[in-house]
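With chain F fixed as given, assemble chain X onto it according to the hints.
Chains as they are written, first to last, in this note's numbering: chain F, 26 to 331; chain X, 26 to 331.
Hints listed in this document are in silico derivations from the structure and should not be mistaken for laboratory results. It is possible that some hints are incorrect.
Same chains, same names: a pair is fine if it fits in one copy or spans any two.
What the hints assert, rightly or not - Quick list of in silico lysine-lysine cross-link-like pairs, DSSO-like style, CA-CA up to 30 Å:
1. LYS32 / LYS135
2. LYS302 / LYS103
3. LYS158 / LYS302
4. LYS152 / LYS32
5. LYS152 / LYS103
6. LYS158 / LYS103
7. LYS152 / LYS135
8. LYS135 / LYS158
9. LYS32 / LYS300
10. LYS32 / LYS158
11. LYS135 / LYS103
12. LYS158 / LYS300
13. LYS152 / LYS300
Number of protein chains: 2
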Amino acid sequence: MGPNSLKDSRAQIIARMISLLEGAAREGAQLVVYPELAFTTFFPRWDYASEAELLQFMERTMPNPSVQALFDRAAALKVGFYVGYGELTPDGHRYNSAIIVRSDGRTLLKYRKIHLPGSTHVRPAQKYQQLEKRYFRYGDLGFPVARAPAEWGNAVMGMLICNDRRWPEGWRVLGLQNVELVCIGYNSAAYDPNGGESESAETRTFHSTLAVQANAYMNATWAVSVAKAGVEDGAGLIGGSLIVDPNGMIRAQARTLEDELIFAEADLDLCRQGKEKIFNFAAHRRPQWYRPIVDQVGAVEPPPAE
Amino acid sequence: MGPNSLKDSRAQIIARMISLLEGAAREGAQLVVYPELAFTTFFPRWDYASEAELLQFMERTMPNPSVQALFDRAAALKVGFYVGYGELTPDGHRYNSAIIVRSDGRTLLKYRKIHLPGSTHVRPAQKYQQLEKRYFRYGDLGFPVARAPAEWGNAVMGMLICNDRRWPEGWRVLGLQNVELVCIGYNSAAYDPNGGESESAETRTFHSTLAVQANAYMNATWAVSVAKAGVEDGAGLIGGSLIVDPNGMIRAQARTLEDELIFAEADLDLCRQGKEKIFNFAAHRRPQWYRPIVDQVGAVEPPPAE
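Excised from the complex, chain F in its bound form:
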């Protein structure tokens, strides 16, 4: 998806998403993956002083009237989708969430982002912020999977959101549930919008691609990783949306920073070789040596040299 700016109305954004959906359906797509926070701009870049201001970016139910047209069109076309959105719970908590919607319109699976980047505190000297840790609670649903209905080959499906894709722990928890297709949406900065020194957009896109390829390979799963790209409200986001097979190989990759469709047919049987041989977890994993992964949060320095 190309950028969503603050000036874009929800109706405009939904119209673009429906246009993409229809284009995908024409090519025979059964599942469409939209990015993280697909219905809005990446609003954690702005400092909103009041809760009330954040409400414009939040969905109290899913679906709801502001997104219903997308759900209706998808059900009519019998196309399912993954979509990321800002979730507001009845008790007033906000999460960076995603759902997978079946082709019959029912929700198959819901996930709340666990690896929130950014900070809790506003940096007053900076125009652009990254306030995910301020605006959202940490996801509290774990890394769930669901078995898809027959029209999707009964695939075991899982989800990650943006920064999660760089954390092998999340991928492995999905892999330990035999995941066969991981859907990911992201909004990743292409550079420091405040003008500081930073890695190039090429390096950032390389990292995004590398993490998905390797974790798909190491868990013998398909992965679809989808950007909201381009310049939103003056801040650039990388593209590089891609579809990766269980060998870690790229089957399709976006070339623009705008609304664009890429496709692949995901043969789930390609997961078999990895899951049964080199990544046969039951045969080869040695969890007694993995304890620091759960017993530690941060890194612990070794003692000084002799």
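For chain X alone, coordinates are given in the frame of chain F:
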């Protein structure tokens, strides 16, 4: 390193290793990384009926007279090294081990391979076996690190062996100890030597490269991953030795399947950005959701679709 065949004497192999060491020292190398089981052919491809036959591939102490010339030359040149070898303990246990030797000849760190591939049972119909699980015990030293002496910049150094490099758990346990340089040796089949259908050498080399690049990036560490390559006793091994920086980028990669030197200068400060920002573990990890990584060995299927 190129191949070591059964017909090669230990003296011949050590002479080649010394020649490589001297070439590296001439270019200013301070640390040389040799492959897994560097002193022998990859003997787990053969079915040895008796323990006595395996002894020819085992080191009872390290160093010992059969490898002393390498240790002596390295100390004289003030070059340290990583080397993999078959270890026989005083109580008769065998491990697939590696050590890092300091430039003064003392051992800095020892590791015993945890992710043993292959099988415990001989497949009688096959000429070539993969009997690592039969010949070796699982490593029992965890994933240790050590802080190197000053001449290596006090780097936090860790080790993996061959198949370990495909398992993000081992990398993460090293990362949680703030590792800055991971040394890896491997012997990886280029094809099925028994003539069965299998992935191409190109795909296998891609996997080897991908796993090291991504895990180096995700743990913000340098990595040096070194093949024993070429055709050993009729069985092909991939090459693709490489040096990867903490951004996951390849700084040097071998082009042949023979004895060959590649170099890089490892600026340890390049680990800082990753460790302090995007992979600041203390700030971003959520171990309460990683429990299946230690609570499960194999994958557990989700329930069937509704």
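Evaluation of the provided hints:
no., hint, in the structure
1, LYS32 / LYS135, "within (29 Å within a copy, 60 Å between copies)"
2, LYS302 / LYS103, "neither (36 Å within a copy, 42 Å between copies)"
3, LYS158 / LYS302, "between (40 Å within a copy, 14 Å between copies)"
4, LYS152 / LYS32, "within (18 Å within a copy, 69 Å between copies)"
5, LYS152 / LYS103, "neither (43 Å within a copy, 52 Å between copies)"
6, LYS158 / LYS103, "neither (36 Å within a copy, 49 Å between copies)"
7, LYS152 / LYS135, "neither (33 Å within a copy, 50 Å between copies)"
8, LYS135 / LYS158, "within (20 Å within a copy, 41 Å between copies)"
9, LYS32 / LYS300, "neither (47 Å within a copy, 37 Å between copies)"
10, LYS32 / LYS158, "within (25 Å within a copy, 62 Å between copies)"
11, LYS135 / LYS103, "within (20 Å within a copy, 58 Å between copies)"
12, LYS158 / LYS300, "between (35 Å within a copy, 19 Å between copies)"
13, LYS152 / LYS300, "between (47 Å within a copy, 25 Å between copies)"
Checked against the numbered hints above, the structure breaks hints 2, 5, 6, 7 and 9 and satisfies the rest.
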